[in-house]
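Quick mapping for you: the protein sequence lines, in order, are chains A, B and C. Count the first sequence with this note's numbering and you get residues 1 to 169, in order. Count the second sequence with this note's numbering and you get residues 170 to 338, in order. Count the third sequence with this note's numbering and you get residues 339 to 507, in order.
In short, the hints are calculated from the structure, not lab data. Ideal Cβ placement from N, Cα and C applies to all residues, glycine included. Hints are supplied without guarantee of correctness; some may be wrong.
To be verified - If we take Cβ atoms under 8 angstroms as the criterion, some of the chain A residues that face chain B in the derived model are:
id : residue
1  : VAL9
2  : GLY12
3  : GLU124
4  : PHE127
5  : VAL140
6  : SER161
7  : ALA162
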Amino acid sequence: MKTLFIGGVKSGKSRLAEAYILDQYPNSKKQGKPYYLATTEFIDEEMQARIHIHQQRRQDAFVTLEEPIKLLEALQFCTRPVLVECISMWLNNMLYHQIAEADILFELEAVLSLSCDVVMVHNEVGFGVIPDNALARQFVDLSGKAAQMMGKYCDRVFFCSAGLKITMK
Amino acid sequence: MKTLFIGGVKSGKSRLAEAYILDQYPNSKKQGKPYYLATTEFIDEEMQARIHIHQQRRQDAFVTLEEPIKLLEALQFCTRPVLVECISMWLNNMLYHQIAEADILFELEAVLSLSCDVVMVHNEVGFGVIPDNALARQFVDLSGKAAQMMGKYCDRVFFCSAGLKITMK
Amino acid sequence: MKTLFIGGVKSGKSRLAEAYILDQYPNSKKQGKPYYLATTEFIDEEMQARIHIHQQRRQDAFVTLEEPIKLLEALQFCTRPVLVECISMWLNNMLYHQIAEADILFELEAVLSLSCDVVMVHNEVGFGVIPDNALARQFVDLSGKAAQMMGKYCDRVFFCSAGLKITMK
């Protein structure tokens, strides 16, 4: 089972995804806590503050993993549900390390084909004016292609705004 | 009863909110016209033109109040339904006057806890590329936090695009 | 019958609109292929690559027309369903040729009043931070006004993200 929470900055998508995975896969002695896979690599002060808020919220409900690049490798042997927070940041890291777009999407498709339960969080960045900056345009494009691929493979897709979700699929 | 209309620039959210409040709370002799609380403070020519269009549309259906800053004070004793047009502008004014984010959100929460009927209009600004500009990022963040708070407190939430609305709650 | 697919960059709106028109109006010997009206005028390398992808996808399912400006003239005598790809680009071309906003919207309204079946694709660009650039603001405004007009006239409206659609109308 694959699930996608897509929404803008501060749309509440992360919080909704966390609540969802804990609700769908209750932490039981038998199953253990779900994983929380953080993809953040570059950390400035602003980012640090954000991460700290996210961490406080997660408290003891998740086992946290950190992997900014090798998403498939990190998820390959997961035997418990995983929340990936977030795909946008992973795309960003991959572009920074000059991985070709086709290879990025190929890896994402492999992740979506794994048998484990994955809940993905993704930023929708394509509803503003098309940016002047070519790099930003490349990111918007890749982000949208990745979103479409997730939209296709995921069993459930939620569109988020104002801390609420609309079921798309 | 609290209601939120959230949407992008020119998504039709104001028009939909106006139609909604007039439909929900018909102007009767007994109850009188609903209030229209305009939060605009800074007015350039472009803004003036926009305001003029909004005013023409409101015609005689509302009693117009103007308050760019003291939202709680303005709404505190309202005995009739109020349309707040819009929360984004109020947030913008509060940031301009260097009110701390926590205080802004505290005041918003107080407004949302009032017993009167309030219909709020709010801009969704978080679905584009994250802005380079730190001030713009601060605004996007605050705007999203405010949206989530409204999403939580409001009884009904509508997401707007193309002059149409999707019910989120 | 008029239909609108609105969504961000790379939201999958074009692909969804193509699938929709082929599903709604199956290519039969009697009726012939639907038209595909491409509105692109200015073509740089990046654009060329995009167009090429779109063309490959269309294959033999459509009869392609090209008209960047005279939308009404091109559609006036259409006897088969038409996919207009896309209204945003047409608005952009009209602004470039300094057609007044009122005249652009007047022509759009005339198109929406034609009796033929039209499926329109349109970019939602109003969910990001309001641009600094006055020309970009003008485009966002016009784009939103056009979207509202299409939302009003169209029988069916779909909001697109992640390659999926939400029915708005």
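Hint by hint, which ones does this structure get wrong, listed from lowest number up? none
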